[in-house]
Structures are given as C-alpha cells and as structure tokens.
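Asks: Spelled out from the first residue to the last, the chains are:
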Amino acid sequence: MGNENNHFSDRELIAKILGGNTQAFAVVVKDTEKLVTQIVRKMTTNADDQKDLVQNIYLKAYQNLSSFQLKSKLSTWIGNIAYNTTVNYLQKQKIPILELDTKLETKFALTENPESEAIRAETLEIIQAEIDKLPPLYKTLITLYHLEELPNKEIAAITNLPEGTIKSYLARARKILKDNIRYF
Amino acid sequence: MKNEHLTEETLQAFLLKETQEDGIATHLLACENCRARFENYQHLVAEIQKIAPETFSFDVTTVVMDKIVSYERKESSKQELILWGVLILLLLVILGFSLPFVPQIFSIFSAMPLFSNFLLFGTSIFVLVFLIADIYKAHKIEEKKIFGNNLQPTIHLPVQ
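Going line by line, the protein sequences match chains A and B. Counted from 1, the first sequence has number 63 at position 63 by the numbering used here; the numbering is strictly sequential. Counted from 1, the second sequence has number 22 at position 22 by the numbering used here; the numbering is strictly sequential.
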C-alpha cells in the first residue's frame with residue numbers, strides 16, 4: 001500500500017516536472033539526497049569530485065525523467081543512476097570497487113558494554129574507520145543494508161547485482177569487520 | 001549439527017532473521033564457539049546501526065538546482081536561437097517570393113484614399129503590438145515558472 005502511495009506521489013511529481021515545473025525537481029532531490037549521499041560518500045573520497053558527481057547524477061535523472069516508467073520507486077531509480085555514475089567514475093580513475101586492502105590487519109578490541117559516552121564515541125569511530133577500509137562496493141552495501149535499511153531486493157535494483165551476490169558480499173564484509181574488531 | 005560449527009553465513013542469516021531454522025538456535029545454546037561468534041556479530045550489527053549517516057559540506061538541493069537551472073537556461077537559449085533562425089529564414093523566403101509582386105501591391109495602396117491607408121496601417125500596427133505584448137507576457141510567466149525560486153521546494157508530498 002505504501003509502495004502504491006509512493007508510486008502515486010512519484011507519478012504526480014514526475015508529471016509536474018515534465019509539465020515544466022522545474023521547482024518540483026527540488027522535492028525529488030530532497031527526498032533522495034540521503035540515499036545518493038551515502039552511495040557517493042561511501043564509494044569516493046575526493047570532495048570536489050563528489051560535488052560534480054552529485055550534480056551529474058541529478059542532471060542525468062532530470063534529463064531522463066521522461067523515460068522513467070515507474071517500474072520501481074523513483075528513489076531506487078535515482079539510486080541506480082547514482083551507483084552507475086559513481087562506478088563509471090571509479091573505473092575512469094582506475095579505482096577497483098572490490099579489492100581488499102590487505103595491508104590493514106590491525107585488530108581493535110572493543111568492550112561489549114561501553115558505559116561512558118567517550119568509550120561509546122570511540123567504539124563508533126573505530127567501527128566507522130574499519131568500514132572505511134573496506135572496498136567501495138562492500139562499504140556501500142553495508143551502508144545501504146544497515147544504515148538505509150533497504151531490503152536486498154532494492155539494493156539489487158540499485159546495484160544491478162543479483163540478490164544472492166549481495167547477500168554473499170554482505171556476509172564477507174561483515175566477517176571482515178568482525179575479524180578486525182575483537183569484542184571482550 | 002552439534003559436532004560441526006555453524007558457518008559465518010548461517011550465523012549472520014540467523015541474526016538478521018533471514019533464516020529461522022530451529023536447529024541453529026539449539027546449536028547456539030550448546031556450542032560456546034558458535035555462540036561467541038554469534039554475539040560478536042550481534043554487537044557489530046548493533047554498533048553499525050548507531051553510526052550517523054554521512055553528509056556533504058555543501059547543500060545538495062542548492063547545488064543540484066543551480067545545475068538544473070543553468071542547464072534549463074542553456075536549453076532555453078538554444079531553443080530560442082533555433083526559433084529565431086527559423087523565423088528569419090521564413091521571413092527571407094516570404095520576402096524573396098513577394099519581391100516580384102511589390103509594384104502591384106504598391107499600386108493597390110496608392111490607388112486608395114489616404115484615410116483608408118492610415119486606417120489600414122494603424123489597425124495592423126495595433127494588432128501587431130498587441131500580439132507581441134501578449135507573447136512577451138506569456139514568455140515572462142513561463143520563465144518565472146521555470147527559473148523562479150528553484151531552491152525551495154513548493155510541493156508538499158502527502159504524509160505516508
């Protein structure tokens with residue numbers, strides 16, 4: 001039902017934009033910027049390139065809006081454009097999206113019940129740092145699954161990967177994180 | 001099941017409720033090794049979910065709408081250029097074809113009384129000015145609709 005409502009809103013919004021109301025596109029940007037930000041931030045590091053990437057992603061979405069057939073949510077479609085554009089950028093920069101950094105073998109020990117605020121903040125910092133060491137694709141998948149709380153089906157639509165592959169990559173990414181972070 | 005340790009995938013799938021096999025829960029109760037690994041995953045997932053989503057140092061909507069507006073302006077001037085090109089070409093074609101008939105047309109007007117000529121030209125100029133003003137007004141309304149206040153969304157989606 002929620003999905004139908006979403007599609008109805010998407011349809012209305014697209015009709016407004018295609019009817020010449022450019023302002024309505026700002027609503028699309030507001031609705032999807034969190035997802036696009038996560039994809040671009042997790043896969044790239046250069047701040048200047050990130051700004052260009054975000055602009056290009058939304059420009060592509062704007063130019064191709066008339067070809068969007070509402071077969072998925074508008075946010076998923078824009079997420080897919082964001083993922084493809086970022087992967088193309090990484091390929092141009094010759095940055096592998098799935099290569100593990102084998103130099104990093106540091107193992108952090110974390111307490112299971114961090115009591116003070118300082119320890120909690122440090123714990124999150126360590127986990128964030130460990131996630132940042134993962135290959136771009138693993139980082140993105142972990143973020144989309146655990147932070148954006150997207151189902152595997154939607155992640156598959158965004159990344160053009162089979163659901164089974166996503167599950168397998170996620171399992172590997174979590175194992176790397178678990179192995180690098182020891183709890184006591 | 002009790003003799004073999006659970007795989008990493010099985011532990012994760014059980015934690016994330018992707019599998020509900022009874023044997024896994026039973027095994028976890030009996031096997032200390034698997035329980036420890038399971039608890040590590042539990043802590044890890046709980047901690048990951050606490051991480052705040054990343055943001056940019058710039059405002060995404062402003063930066064994107066700037067790009068969209070400049071793209072629209074470029075597209076609009078391109079279309080305007082094409083329109084003027086076609087209009088000028090059309091005018092030249094019409095002028096080219098009507099050139100041989102100019103003396104005949106001129107003779108019609110010179111045969112008419114001065115008042116009729118004045119009335120005819122006056123009405124024509126009035127209609128022409130009215131049409132140009134109307135087109136200009138419509139163009140300004142359309143331009144305001146496209147480029148005006150693009151940074152703030154004005155449409156509110158229904159709460160779901």
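Misleading hints may appear alongside valid ones.
[Unchecked claim] No farther apart than 30 Å at their CA atoms in a straight line, the calculated lysine-lysine pairs in the BS3-like style are these:
| no. | chain 1 | residue 1 | chain 2 | residue 2 |
| --- | --- | --- | --- | --- |
| 1 | B | 74 | B | 17 |
| 2 | A | 94 | A | 16 |
| 3 | A | 30 | B | 78 |
| 4 | B | 17 | A | 51 |
| 5 | A | 94 | B | 140 |
| 6 | A | 51 | B | 78 |
[Unchecked claim] Which stretches of chain A does chain B cover? Using the computed rule of at least three CB atoms under 8 Å from a CB of chain B, they are:
| no. | region |
| --- | --- |
| 7 | 10-23 |
| 8 | 64-70 |
| 9 | 73-80 |
| 10 | 90-98 |
| 11 | 133-139 |
| 12 | 154-165 |
Quick caveat, the hints were computed from the structure, so don't treat them as lab data. We put the beta carbon where it would ideally sit given N, CA and C, even for glycine.
Asks: Run every hint past the structure and note whether it holds.
Replies: Taking the hints in turn, this is what the structure says about them:
1. Restraint check for residue 74 of chain B and residue 17 of chain B: the C-alpha separation of about 52 Å exceeds 30 Å, so the hint is violated.
2. Of the supplied pair hints, the one linking residue 94 of chain A and residue 16 of chain A is violated, its CA atoms being roughly 40 Å apart against a limit of 30 Å.
3. A threshold of 30 Å between alpha carbons decides the hint, and for residue 30 of chain A with residue 78 of chain B the separation of about 29 Å falls inside it, so the pair holds.
4. Between residue 17 of chain B and residue 51 of chain A the alpha-carbon distance is near 38 Å, which puts this suggested pair outside the 30 Å criterion.
5. Simply put, residue 94 of chain A and residue 140 of chain B have alpha-carbon atoms about 47 Å apart, too far for the 30 Å limit, and the pair is violated.
6. The hinted pair formed by residue 51 of chain A and residue 78 of chain B meets the criterion: a straight-line CA distance of about 26 Å does not exceed 30 Å.
7. Evaluation of the coverage hint for the region 10-23 of chain A: fulfilled, as 6 residues show C-beta separations to chain B shorter than 8 Å, against a requirement of three.
8. Chain B is given as covering the region 64-70 of chain A, and this is violated because 0 residues of the stretch bring a CB closer than 8 Å to a CB of that chain, at least three being needed.
9. Given as covered by chain B, the region 73-80 of chain A fails the check, having 0 residues with a CB less than 8 Å from a CB of that chain where 3 are the minimum.
10. A count of 0 residues in the region 90-98 of chain A with a Cβ less than 8 Å from any Cβ of chain B is obtained; the coverage claim is therefore unmet, three being the minimum.
11. Counting residues of the region 133-139 of chain A whose C-beta sits closer than 8 Å to any C-beta of chain B gives 0, which falls short of three, so the coverage hint is violated.
12. Counting residues of the region 154-165 of chain A whose C-beta sits closer than 8 Å to any C-beta of chain B gives 0, which falls short of three, so the coverage hint is violated.
Comparing the model with each earlier hint shows violations of hints 1, 2, 4, 5, 8, 9, 10, 11 and 12; every other hint is respected.
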